[in-house]
Amino acid sequence: MDLFLQTLVSGLLIGGLYAIIGIGMTLIMGVLGIINLAHGQILMVAMYITWVLWQYAGIDPYLSIFLTIPIVFVFAEGLSKYLLHPLIEKESILPENQVLMTVGIGMVLVELARAIFTSDYRSVQTSYTDQSIHISNISLHVPLVIAFIIAIILTVGLFWMLIRTDLGRSIRATAQDKEAALLMGISATKITILTYGLGSALDAAAGSLLLPVYYLFPDVGPIFTVKAFVITILGGLGSTVGAIAGGLVLGIAETFGATYISMGYRDAVGLVIFLLVLVFFPGGLKRLTKI
Amino acid sequence: MRIRTFLIVVLSAALVFSFFSCGKKETGPIKIGVLLPLTGPQAKFGEMEKNSFELAREKINTAGGIDGRNLEFVYEDDTGKPDVGRSAMEKLISVNKVPMITGGYSSSVTFAAAAVAQQNRVPFLVCTGSVDKITQPEDFNLTTEDGDKFYIYRLNPPVSEYASGLEGLLAEVVKPKSVFILHENTTFGTKGAAAFKKSAEKLGIEVKGMESYSSGAVDFKPLLLNAKKTKPEMMYMVSYVMDAALLMKQARELNYKPNLFVGAGAGYTMPAFKENAGKASDRVLSATLWHQTLPIKGAKEYFEEYVAKYGGDGPDYHGAEAYAAATVVADVLKRAKGDYSSENLKKMLDQTDMMTVFGPVKFTAYGKKIHQNKMDTYVVQWQNGELKLIWPKELANAYFEYPINWSKIWAE
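In order, the protein sequences belong to chains A and B. Residue numbers for the first sequence, in the working numbering: 1 to 291. Residue numbers for the second sequence, in the working numbering: 1 to 412.
Honestly, I wouldn't trust all of these hints.
Covered stretches of chain B, going by a simulated chain A footprint (3 or more residues, C-beta under 8 Å) [as the list claims (entries may be wrong)]:
1. 202-216
2. 235-249
3. 277-290
Restricting the straight-line Cα-Cα distance to at most 16 Å, the calculated cross-link-like pairs of lysine to aspartate or glutamate (EDC-like) are [unchecked claim]:
4. B/K31 / B/E54
5. B/K388 / B/D313
6. B/K198 / B/E167
7. B/K229 / A/D2
8. B/K334 / B/D350
9. B/K368 / B/E145
10. B/K279 / A/D2
11. B/K228 / A/D2
12. B/K334 / B/D67
I should point out that these hints are in silico values taken from the structure, not numbers from a laboratory. These figures come from a predicted structure and were not determined experimentally. Even glycine gets a Cβ: it sits at the ideal position worked out from N, Cα and C.
Work out the full structure, taking the sequences as your base and the hints as a guide.
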């Protein structure tokens, strides 16, 4: 029983982190209509910013969220405005080419990181990185718990923004029907560029939250691009609620697979679920909800 | 008609170009291919090996090079993936036209690339890839009698022998009754774990379980909890460097204390392991193939020169392997006396019998293997942030404290 509970808790905590990575990708998917294959690499950039702030300025990884989010937001806005948007504008260019552009951006980011930071593995050591809370026989890893709480706060904030503010309504409108949104006086161009920044900013937050539990090197990105991709499909393309569910499902399924089947098949479990969803719920988990 | 004119122009241009490039071959540098993971998750290992190759090359060239010509290494990046390794090898052979190749880091990549070298009859001196089948001709559809048709040579011991030094320590000092084996699920990890299982059975140690994981995981706790449940006296782990660091960190978080944590080389001897695992790396044992304090001529000098040039904590056995491979290459080329064809270099490799910073190198045949360098292995332990040689006893430079008081060490 202890093992079962421990597995469930670990899965949930990891799932929370996955969810926030997935939401970023799904937002971009919803509005821009492309899979952002540079997602993991942007996460990597955020992790390096967090690491530099911790290493040279002594800023706590969690506090640095307040810096990484705006830095990555501005950076991603730039990418979106000068690299992605020109391609989206031209209708003669196939959406596949925009996706290829994100692949290119990803590769350049990785090599830049390698040029600046070399391939050394980095990690942060804070007073709490190695600490755990023990509740009866279940251990909760402190950094993961903090990450989970911050992830919830950010998600709630995002939902409030999407549902209550003008900007949020404009984003949802653009995602649902770009032309109708245009007719209603929403500048779809502005919203498209902004959403890429917003999705990347969430990704950046995930990067800062991930660093204390994981480690960092220039090629860390692809692992998480794949995870985000699976979550986006699991949740149903473009659905934020679906992405949360998808993240949690993936985290729990992986952890249970690792405990009860074999850790060697951890990734396989996630991908099998991915296939099952594609076959039996082609619309993803969002079909189960009304949002 | 147009196409034909076009073809004629292109072909004649190619012809002229090839004449042109043939003409100036005599005095230029001698190029030897090196296959390493320079990007991707294993880039850290690749970087250490490349640095060592370069260090050796500079030394060889300042000492007069090879018959007055400079030695040059052509690096190709295998990114840690077998398919990329194959095409990198093809490029070295058909585009760069190197007569001989060395390097080869991960087992899966090295084996895939070795098949290409074998097919093209270009000698491949493996310096790190350790799965046994790399030097077993039967895996290349040859027999052990076919030494003259087999183009793969290996300087490092195969993974099944990594733990031979450790066996001595376990049999004479620790005498554990049970072990749990964790390994990463590529060729290196799987074969390393299987080999240790055999040694454990030979020593009468009960194997409580054997579990695999895929490299790059965030959360190793399910695995560690499964191991903890079976209460083994020691853990044996085959991992690359950052998995190793996370495994030890999370074992500490779970407060999991078997009598011994033993790594199978690879990640556990890298300075990056200590840096990233921090306190949790202390008192972890590892099998190793080399240590700078071993009584091998040049070992200490190599270690110091490396630190002086590249800084940091200095190389572990991976660097020494690369440096040794470079010296073997230089030795082979010198003995080739101007005939740098693949066939002649292969003949020279067969006759190799020399001393390197990594130990003596001589390619012999035993068991199912041929062209394999036979070596001793050792046991090291992290003690207060330094990697100390603790076994065999007569070479050790530190005292092996046993049993280990984990509560005290992890609490500090």
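Structure-based check of all given hints:
With 5 residues having a beta carbon nearer than 8 Å to a beta carbon of chain A, the stretch 202-216 of chain B meets the requirement of three or more and the stated coverage holds. Coverage of the stretch 235-249 of chain B by chain A holds [criterion: at least 3 residues with CB-CB distance below 8 Å; count 5]. Against chain A, the stretch 277-290 of chain B contributes 3 residues with a C-beta closer than 8 Å to a partner C-beta. That satisfies the three-residue criterion, and the hint holds. Restraint check for B/K31 and B/E54: the C-alpha separation of about 13 Å stays at or below 16 Å, so the hint holds.
Between B/K388 and B/D313 the CA atoms are separated by roughly 13 Å; this keeps the pair inside 16 Å, and the hint holds. Pair hint B/K198 plus B/E167 holds up; C-alpha atoms about 11 Å apart against a cutoff of 16 Å. Restraint check for B/K229 and A/D2: the C-alpha separation of about 11 Å stays at or below 16 Å, so the hint holds. The suggested pairing of B/K334 with B/D350 holds, with an alpha-carbon distance near 14 Å, which does not exceed 16 Å.
For the hint pairing B/K368 with B/E145, the CA-to-CA distance comes to about 10 Å; that is within 16 Å, so the pair holds. Restraint check for B/K279 and A/D2: not satisfied, since their Cα atoms lie roughly 28 Å apart, outside the 16 Å limit. Note on B/K228 and A/D2: the hinted pairing holds, with a Cα-Cα distance of about 13 Å set against a maximum of 16 Å. For the hint pairing B/K334 with B/D67, the CA-to-CA distance comes to about 7 Å; that is within 16 Å, so the pair holds.
When the structure is compared with the earlier hints, a violation turns up for hint 10 alone.
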